[in-house]
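Visitor: One-letter residues, chain by chain:
Protein chains: 6
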Amino acid sequence: MSKRYQKGLEQLRLMNEKSYNTLKANLEDISPDLARFVAEFPYADIYTRENLDLKSREIATVAALTALGTAPLQLKSHIKGAINVGCSKEEIIEVIIQMAVYAGFPAAINGMMIAKEAFEEMDEE
Amino acid sequence: MSKRYQKGLEQLRLMNEKSYNTLKANLEDISPDLARFVAEFPYADIYTRENLDLKSREIATVAALTALGTAPLQLKSHIKGAINVGCSKEEIIEVIIQMAVYAGFPAAINGMMIAKEAFEEMDEE
Amino acid sequence: MSKRYQKGLEQLRLMNEKSYNTLKANLEDISPDLARFVAEFPYADIYTRENLDLKSREIATVAALTALGTAPLQLKSHIKGAINVGCSKEEIIEVIIQMAVYAGFPAAINGMMIAKEAFEEMDEE
Amino acid sequence: MSKRYQKGLEQLRLMNEKSYNTLKANLEDISPDLARFVAEFPYADIYTRENLDLKSREIATVAALTALGTAPLQLKSHIKGAINVGCSKEEIIEVIIQMAVYAGFPAAINGMMIAKEAFEEMDEE
Amino acid sequence: MSKRYQKGLEQLRLMNEKSYNTLKANLEDISPDLARFVAEFPYADIYTRENLDLKSREIATVAALTALGTAPLQLKSHIKGAINVGCSKEEIIEVIIQMAVYAGFPAAINGMMIAKEAFEEMDEE
Amino acid sequence: MSKRYQKGLEQLRLMNEKSYNTLKANLEDISPDLARFVAEFPYADIYTRENLDLKSREIATVAALTALGTAPLQLKSHIKGAINVGCSKEEIIEVIIQMAVYAGFPAAINGMMIAKEAFEEMDEE
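Chains as they are written, first to last, in this note's numbering: chain A, 1 to 125; chain B, 1 to 125; chain C, 1 to 125; chain D, 1 to 125; chain E, 1 to 125; chain F, 1 to 125.
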């Protein structure tokens, strides 16, 4: 286990360990390397960097994934991650509404329905 | 001039009046209504909302436009807007690097070259 | 209730009230403001404008949503909306086939499967 | 020269022969087959189909290319093509404004600047 | 039945007849022409061309559909098609991992989950 | 200088050192870390992996960047990289034509014009 992988797992513990464990289990049979890269590059190399706090980093990710509209599962994970690092539900809702301006209303509406699911799942847990 | 339009112009004064004036001049002959809608919907209706500070709003916009990769001029304007509402250059650079994870390295590299231009233009002004 | 909101609801009555009511119910707990914006901006500000008839407006929307490929639910709603304002099924099918040229065959095929669902749901109603 | 190619060239004469000739010249050294496919598939197979008039077909194409935001030269050609088959400038402007709803304001603004160029070039000719 | 259609069906027999038959059945009631175009243009006109072997052609298609992220069903069909023309599972996995670089990690992860389904379905058959 | 960075630079020497040096120079003042990540993740971690030859890897990248349509400079670099690792011009042209099927004709045409530039620049060098 590389130092970067360990560092990534530690960072994931702060942010969203549960989603990562699900991902790792899903990829185990087909491509464990891809799961390792997720820990090593985004989490060890990027999310541990200075100059931008984790709340702002998750706001950026929620905004981008809402705008792109092609990764609903990852958007849901990052909405939960955003809550885990201190974003309020209201802040996340605002980020998603704002995406109507930059990616159109369907992107914002679809993002909001995913936020609804994410919040409900977190309330149940 | 509608109340929303006036409210949008006030909000633009706080954020990026100069880019809006350029946009308005460019659209004057062909579609002044589109320029008006920009003031009324994004700036009067959205950017004035509560629950998310303007710095976070510009981080969300810079992230989304970097990830989408189809709006270089608007990305440049919002990088300047982000600086205007209090983001540091370092914070903007971090948002753009992070987009390599969610939209690929070309999106991050292209976003960074636009940030370079935005910073240079602001230094000259 | 703002004048624009009322105007948007009236316009929706002509176009696709049922889809809007579903959307509004879905957003009620999480972001009623986003539902309100849908009535106010697209329906009161845009779809009521002159210079382009509603049939052409729905053709434009069906084309764009088919090409983007990220908003299947909204595409289905607008296919129904297109029928409601006077497009024939044949016209909608032609718009979707044509998108193979501009967004690729998968976009056209996926759009067509959504049209099939939309037509079946309308036949049942 | 296949029958489909001839049929495509005839259709292009009705719609936008000039843009096609430029495309053909540009592709001549590298891939004349791609130019031939453009005449054969979009123009012979698709644009000659029944059940949707050419004005509506160009509205669909202008909408899609504005929303996608990745093909500014082709958007400009089709704005000219739309005029050639009978769309008014005002109709084209409306289609582009409407795309703010489905693909975001930057897509609509960038599309409008391309329309401005297209109209100016047509006025000069 | 046109010569191109017959040629396309022959090519599909080499590549992925089963997926095409499913597509054709799905489109039968709504747009048999779109199914015919799929045989005629991609399969008769493009996949039969010289200068690039079928393995490389399917690698290109799997890469593009993974990166675009909007056509999961077509990606699954082409992963099966890639296997049918001689790609190994390991090669397909590598193509999909590589897309993390050009379209972001969510695109690669979503592509990998589709490959998992494709491989499982092929093992069952 | 990390081992991964060194390994990435060695891989780039095989593939496209010149484009990387340009990128590195462009990013030097604003984000040398992003240039380092390009060497470390795509080139050290991904392009050195087994199970897929470099020619196929560049075919995958050229396909994806042509289909996405948002990274013309990177597409040009990878067309040159594809030539450097043994692809023929004809193979690259075929990959790009094929993208008309999956991402539409404008994506293929725009990709072809970039290939034309790449080939011309390589002939001059």
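Because the hints were derived from the structure by calculation, they are not lab data. Treat each hint with caution, since some may be false.
Where chains are identical, the list cannot tell them apart; a pair therefore holds if satisfied intra-copy or between any two copies.
[Stated by the list, open to error] Calculated cross-link-like contacts (lysine-lysine; reagent style DSBU-like; alpha-carbon spacing at most 35 Å):
id : residue 1 : residue 2
1  : 116       : 7
2  : 18        : 55
3  : 55        : 76
Computed from a predicted model, the values in this text were never measured in an experiment.
Visitor: Treating 35 Å as the Cα threshold, decide for residue 116 and residue 7: within, between, both or neither.
Guide: This pair counts as both: shortest intra-copy Cα distance 31 Å, inter-copy 28 Å.
Visitor: When Cα atoms must be at most 35 Å apart, do residue 55 and residue 76 count as within-copy, between-copy, both, or neither?
Guide: Close inside one copy (16 Å) and across copies (23 Å); limit 35 Å.
Visitor: Pop the pair residue 18 and residue 55 into one bin, within, between, both or neither, using alpha-carbon distances up to 35 Å.
Guide: both (18 Å within a copy, 29 Å between copies)
No hint from the list above goes unmet by this structure.
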